[in-house]
Amino acid sequence: MSLAFLLLTSTLLTASTEPADPANPAAPWLLTIEQARDAPSAALVAVRPGGERRDLLHLDVLPNYTPHARLSSDRRTLFLARQTQPNRIERGAELLAFDVTTRALRTIAQGVDAVPPLALSDEAVAWFETIATRPAMLPGSDEADFDRVTVSLRAALAGQAQAVELLRLDDILGVHFAGIADSGIVLYVITPEEAAFYLLPIEERFARASRAPIRQPRRAQPTQPKLAIEARDEAIPPSGLMRLAAAPTGPVAREFVVHGQQLFFGALTRDRMGSALFWLDIPPLDDLVARRDADASRAARELTRTGERSPAPLIVRDRLVFARSNERGEAVQSRALDLDKGATKTLLQTVGQLRLLAADESASSIAVRRDFEEASELLWIDLETSTARRLQPLEFYEVIGFSKTGGIR
Amino acid sequence: MNARLLSAALVGASTLVWILFLLLLVPVPPAHAACSSSTGCRVQPVYGRAPCDDEVPGLIAPVCQNNFGASNGPTIATIKTGTDGSTRITASMPCLLFKSMVFVESSWQMFCASSCGSQGLTLIGGGCGYGYSQITSGMRASDLANNTSTNFDVNRVANSATYNLATGLQFMVDKWNGRAAIGTRDPDIIEHWYYAAWAYNSFSWVNNPNNPNYPAGRKPFYCEGGLSRANYPYQEAVWGYMRCPPSRSGKAMWTGAPISYPKTSEICATSGCAPGALSNPLPNHKDPCQKGASGEVYDPDAIVDSDGDGTPDSEDCAPQNAAIRPGATERCNALDDDCDGWIDEGTTLCPASFDCIQGQCVAQDVPDAGNPDEADAGDLIVVVPDTGTPEPAPDTGAPFEEPACLWLFHCPDGYLCQSGRCIQDPVVNPDPPDAGEPENAMLPAGVWIVESSGCGCQSDSASSAPWAGLPCLLMGLGLLCSKRRARPGRV
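Going down the list, the protein sequences come from chains X and S.
Residues 1 to 409, numbered by the working numbering, are exactly what the first sequence covers, in order.
Residues 1 to 491, numbered by the working numbering, are exactly what the second sequence covers, in order.
Chain X on its own, in the form it takes in the complex (with noise of 0.2 Å):
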């Protein structure tokens, strides 16, 4: 990186920073990580309105990869997925543990794909590694159909060097971290069939702390075999991967919000006009073993159409939130959790795009990044006292979520 676009980079920052705020000890710190263009190291930082921020990290890393990073339920580590060799998701990265208070770093795994990990609880994540692809070929055709993989879903504990298998599942396309229901793992999956979510229920010890302990199904029943898995550790029962329906329109769902037994998504509406926000009801672990909720009756619900803009949806308190579009800009919406009750309120009106990053779910902000023309901006928005304030980062930021308050020094 010049120094010329160093430079320029410190006076806007210089320039742009904004007074300090009376001081808040209370007050949440937005996480992200934010690296400059072309340059080979990323720093996690932690920034609040009125220009404070605190330097937690700096990370070596390929020029542009910023890594995926995710936080844990308490908030205290972050688990970062560092890509390692560059144009290669499979088994490219590295994954990495940061304690944000006392600032540890530690390795958990090496090989892992360079995608977002999951946190299964305070001190639990889990990961996959793609450890076979093959090539395919379209029936009667001499043109090739996408690769097919199979993938490893694994897991640690903080204080264990060991890693577990938790699943392996063969002949698929792909397969992402939905989100962590109150009854286990909501997986994403991609078959050359179709596109579905699953459940995985895990061991209590994966999924102890700041979260209702799992209860194990009684009567571990297989499912309609739609894959092909193969149950590697006593984590996780005989056949414990549960299909609970398929996504709405296709291989097209994004931005997985789980929230006890609800997973929200964005993706296509079905005249793939534009987007919806869509909602799927996870039945109870023992309705689904014993088959009580028929597989046929799930669907995935459109919940409210999102016009070009995909919806990004995060939980605040006991409310969803989301954008949208509309011919005057783009919005900020919300409504109640309980779906049956209550409208949608627009809380905030722009033009540009928005996409909402990351919400502190106690204090009721959001982390909204908004782009207009040429120019990008981060807002800090309190839906209380419906403010927005603009942040500062640098060029390129992930931004990762609400630490827990007066944990950082």
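Worth flagging that the hints you see were computed from the coordinates, not collected in a lab.
Note that the structure is predicted; figures quoted are calculated from it, not measured.
Cβ atoms here follow ideal geometry from the backbone N, Cα and C, with glycine treated the same way.
Certain hints may be false.
Said to hold, decoys possible - Covered stretches of chain S (in silico footprint by chain X; criterion: 3 or more residues with CB under 8 Å from a CB of chain X, positions within the stretch not fixed):
hint : stretch
1    : 178-188
2    : 194-203
3    : 211-217
Said to hold, decoys possible - Here are some chain X residues pointing at chain S (derived, C-beta under 8 Å):
hint : residue
4    : Asn87
5    : Glu90
6    : Val149
Given the coordinates of chain X, work out where chain S should sit on it, guided by the hints.
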């Protein structure tokens, strides 16, 4: 000092000078082991002269035009063309695409030299990727053990810049021939190479643009507002660099072009997720190097103005609509005619006593004394359109307690409803904020809180009325709202 000691010191110094001189004569390979690790790879790295950046276009041009000489590269298959792929022609690929792709692969590096023009070992990346094109297939030690056959010379991939690039072309042509058609499957059109570029890295879900790891609505990689590389599939990194080229020593490495993207809703959007044919991405671009043009860099004059309105597509918010362009007159039509990011802005779009509401000039209504709960046919209630499912009655639970002002129309002209209070709009009222109002508490220009699905507007009659503490009466009475006139500034 003792003379003997002095003599010994002189001899020692002389010897040291000689040793240094001899060291200069012997070529010492630069230490770039990290750039060239051949562990598990088939071919050992070799020394070669690292070309400088300004030499690379001259190396790439004959290769992408398939004019590198039969002895300088592997055999290149003919390339499919036409929607059904039944016709085959001599292969070539757009040079702009090839430059960008080679940059994504190797940062235009063939040898790991400390500086261009000097000697260095072959760049061997992760997975045994060799040189400019990062050729990996057949280049692992296991490929040798398994007698994996290749249709190129593995040693020349490691030692010859041109051969390495030509092998990259061979792979791209193979990828092109093995994938479904995009548009008319014309190899001169850069956009038609989307599948091939995808497959050059991995024709798998990880590079699917609908993969949820890549945010929706992301701007082109490496361009203004773009995200870090981890937010893009491989081929979009190539696309990003084509549009916004990287710079070295303050100089762009090539001339960028706004290459279009296919519609992601067409890609693997079926339940079977098959990589089927895609429609023609518009506007599309040809690279003049295929046509024997003298310049091998992208010709900026070739930038397309699809609708012929005099504004290049890259600057036109509606490249397929000649009536919409920067500088056009804004009209009341629910469109952004002048490409300024605003729809139907201004107060002169409609005749007097008319307001522009959702693309139509509608006569202003007069407050009536009718049923306050119902808006009559003439009432102009501007609401944020809700295209979603009908929603039940509004709730009033925490944390969204009703503030003193709830909507913008509770406040007079030039004020915003913020934090439950009417405050001066910093855009309409450029005066500094009140001393008691910290600057950082102001709403960023261009953002406004409306806090409701109700009017995003203000009452015509409210400007002269006392507004402090005004309850949400106007809306409740179904009173008219006119279009909000305050136009937030750009940030």
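Evaluated hints:
no., hint, verdict
1, 178-188, "holds (count 3)"
2, 194-203, "holds (count 4)"
3, 211-217, "holds (count 6)"
4, Asn87, "holds (6 Å)"
5, Glu90, "holds (7 Å)"
6, Val149, "holds (6 Å)"
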